[in-house]
Structures are given as C-alpha cells and as structure tokens.
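Novice: Whole structure, please, built from the sequences with the hints as guidance.
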Amino acid sequence: MRTWSPSELTAYFWTQINSGILVRPVCRSCGANFFSPQVLCPSCQSDSWEYEESSGHGYIYSFTEIHRPPDSSFPSPLIVADIELDEGWRMFSWIVGCRSEDVRIGSRVYVTFEDFDAGTLPVFKIN
Amino acid sequence: MSFNAAVVGVGMTKQAKSLDHSNISISIEALNLALTDAGMDIEDVDGICARWPGPGGTTFDPGVVDWSGILGTSFRWVGDTYPQGVPGVLDAAAAVSTGLCEVAVVFGGQAGVLGEGNLAGYTRPDNEFVAPWGLFTAAHFGLIANVYFERFRPDRDKLSQVAATIRNAGAKNPDAVMYGRGPYSPSDITNSPLICEPFHLLDLCLATEGASAVVITSIERSQDCPKLPVRILGGSSEWHRQQYVDPPRYDEVASLGKDAFQRTFGMAGLSPDEIDVYELYDINTWEVVRQFETMGLCEEGEGTDFIHENGIGKDQNFPTNTDGGLLSFSHTGWGGPTLKIVEAVRQIRGTAGCSQVAGAETALITGAGSGAQYFNTAILGASR
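Chains as they are written, first to last, in our numbering: chain A, 188 to 314; chain B, 7 to 390.
Hints may contain errors.
Claimed, not checked - Distance ranges between label pairs, derived from CB positions: (1) T79(B) <-> G293(A): 55 to 63 Å; (2) S206(A) <-> G127(B): 29 to 37 Å; (3) V251(B) <-> K312(A): 19 to 27 Å; (4) D161(B) <-> D302(A): 42 to 50 Å; (5) D321(B) <-> R286(A): 39 to 47 Å; (6) P193(A) <-> W245(B): 24 to 32 Å; (7) D289(A) <-> S28(B): 25 to 33 Å.
Hints in this document: simulated from the structure, not taken from any laboratory.
Glycine included, each C-beta is placed from N, C-alpha and C at the ideal position.
Specialist: Here is the structure:
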C-alpha cells in the first residue's frame, strides 16, 4: 500500500481518523461541506472553515470492483467507492465486509475504521 | 473565427513496450523526423510546446524552456500546456495565427521508463485522498462508467465490438505496438481478465514507449513546405476539475465535451457526421461510446447501439482510431495525445498506408475524457 504524507491542511483529518472519528471541512461563512480540504471554501472562497465530525452515514454514488490492485500489498478484489455522505460531501473509500454481489449503487453505508500497515483508514460497510 | 495555421510536418519514432532510449532522446528523434518532413531544421523553429521530462533542467516554470539549452536555440513563444496533443496544437495554432511565433513545434513521448513490469507512474495519481485507496486512472473511469451501465445497461457484446474493431485495426498496422495481435472477437474482449468493473484488460489502453511530433506554421508559409499542408479548422477545450483528485461523477462529467464539440464543429463549419476520420481518445472502450453520444451523433445511452448499426471500421460509416488507437497502436504518456494528431495528418495527406481511409479530407481528434475531468477536441482538414 502507498503511504501518504498529510499537509498542514489535512493533518487534523488524519489525526482524527487515528482516533476513530471522521471529520470534514464545514464553511463558517456559507455552511458548505466540502472535501478534499482546501485553503478556501470552494463555494464562497471564505477562509473561515473548521473540521466537524461527520455522522459517517451516507450512500454509494458509484463503485468499482478492482481485480488488479496497483501492487500486491492491497487486498484483492478491492471495492473502491465514491461515497456521498449525508452532510453533502464526497470521498473515495472502500466497501468492506461484504461480497461485491451485495453492493449496489445507492446502497446505504456507514463508516468504520481499519488499521493497515500504512496507517488507519476510514472504510465503509453496507447497512 | 479561424486559425491561420497548418500542420506542415509530422514525426513518429518506433513505438514499443519499452525502448532503449531516454525521454529526451526519443522526443528529439521525433522532433527531427517532423522537421525533416516539414523541410525545416531547428533554426526555423521559434515556438515550442513540449513538456520537459528531465532529467536535468530546473524546477522553474515554464519548464519547456529547458529544451532551449539542449536544442541550442531560443524561442519567441513557449507553450507549457499539458498534455501535448490537441491542447498543444491549439495553443501553437493560436500563437502562429497571432504572430507570436512563425514556426511552432509540439512534441513529446517517453522511453526507458516502463521496463519489465513497471507501472506507468502517471496512471497512479499521488494524492493522500486517492493513493491510499489503490485507485488508478482506469478505476476513476470505471466509477463513472458503472453509473452509465446501471442506468442504460449497454449490450456488453456490442461494447466489446468497439474494442475489437479498434484493436483489429492495430493488429494489421505494422507500426502498432500490438501489430499481429488479433484478430479479436467481442467475446475475446469480454473474456479477458477483469481489471476494474466494467473494464476488462482488452477494454483498456496501452502504456508504451515512443515519441511523436508536429510542426505548425502559418497558411502562407505552409505553401513553401514539401508536403500537403493540413489546416487546423477548429478546436476547443473544457477543463472541468483537476484530474484524478476528487471523485469524478457521471452526473457531472457525462456531457463533458459537448460544448467543446459544438464550438469546434462551429468553427470548422462541419457537422459531426461530415467528418471522414475520427481519432478519438480511446483510453477505454466506454469512453469512445460516450464521445459518440456527446458529439451529438446519438442520444445518451444509445452509443453502443449506434456504433453497432453504423460501424467504426475503416470502410464503415464512422472510421475510428484507424491506426489502432491507444488500445493497440501506442500510448506514450504525456506525449500520447500527439500520436492522434500524427495519424490524422497522415490520413488527410493520404499516406496512412494500410490504415488509410479512402479520400479522407477531414479528421476529428479528441483528448482526455470523463474520468480525467477535462476534454479537448480539434478538427484538421486538407488545405485546398
């Protein structure tokens, strides 16, 4: 698996992940949720935003089952999904704990946390 | 609005799975082939659009200026656009049309980087919210295509026929990396290993080595060149979001290219069905189908049926990716998009050999795609 290096902008996200909490930027000025973290809110360009805890609930906008991961350290097959969180933001993640036949576009999911050699990752399970 | 610009030289090196060259040496080989084709030498060149691949040089922008030292010349115009191919050609055409330079070269490629089993680095974007999930470029396209599949349920056999047709063109082309590999039936495509849903191995483009180059000058000066000048009749780009960072969504990028197509056809005074040769960015099979829909040849969701009814082979209604495309001919990374310009020029000149579409006078070229969240297109035509 690839290791990653958080920036000043994203360090808090990963610190919280290590504590089992999923957070996302919320704009203090316009209320927009956004992801990935940016210096300014992409909706109103305000620099007044803070990380807030997410419910961790959402649905699968789309997914693809990867049968040839980039290297052998990844599990295979791997269900990569574009998750729409209920607060109105999106992130890439994995669907775990089920067979691909049980995954549908639109399936409700919730976040859980798994430890890998490269670090702790937020992953999702079908409700 | 129109460009006062024509392609007067093209160059293409050998294309292969790996080449014993450097990025720089293979790129210069293609450049020299194109200059010879144009009846020019490096002293004639005063504009350049070519990503500097290193090693050496500087991290200062524009990196393209690093070419000045190794080529021993200076420039009036540099285009640092990425990638080359359509955006590079359009920028160069604009620079030539406005007099910022008289002769512009667009070139690039890769070599010595894809040895045994090495993945092409550009297919694995390095971002902390992408890389940990094992995503690669084909998977970004898969996320979009799966929504299309869910909504429109395209016939898998007909979709596989798209890949088979393009690959079978490459199988007959001695210059293609996959020359002699084929012919393929639709079931060969569908039965090849599943890489990431809905894409099987043979749905996906190559990662290969080689380089290509084009020389562009004004229409007036093009008359002095030895080969038939090929005019740049129109072109446009759409830059939706940075590629391969945040998840691309079908509902946001399904129609990516629609505006660029309309503007491009408008500039050229042509309609989508009046093109003789279609050199579409076939990064995967489905993206070809999406472009037929976005171009306006058929409705959303009807692309596989439309292609099945009309055909995209050399002698059918919509000859597409005549050289074998990115699926079978070659895909050389940042320089890959330029390969399609070279094939389009050869088609219009009537020098495309076994790939030649009889009487071709116009060619449509596209680059990038929905999963990349940007798109570009141009139309080239015979100068008569």
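Novice: It remains to establish, for every hint, whether it holds in the given structure.
Specialist: Hints and how they fare:
1. T79(B) <-> G293(A): 55 to 63 Å: 58 Å, holds
2. S206(A) <-> G127(B): 29 to 37 Å: 33 Å, holds
3. V251(B) <-> K312(A): 19 to 27 Å: Given a distance of about 25 Å, which is inside 19 to 27 Å, the answer is holds.
4. D161(B) <-> D302(A): 42 to 50 Å: 43 Å, holds
5. D321(B) <-> R286(A): 39 to 47 Å: Check passed, 45 Å falls within 39 to 47 Å.
6. P193(A) <-> W245(B): 24 to 32 Å: This hint holds: roughly 27 Å between Cβ atoms.
7. D289(A) <-> S28(B): 25 to 33 Å: For D289(A) and S28(B) the Cβ distance comes to about 49 Å; the hint is violated.
Comparing the model with each numbered hint stated earlier shows that hint 7 is the single one that does not hold.
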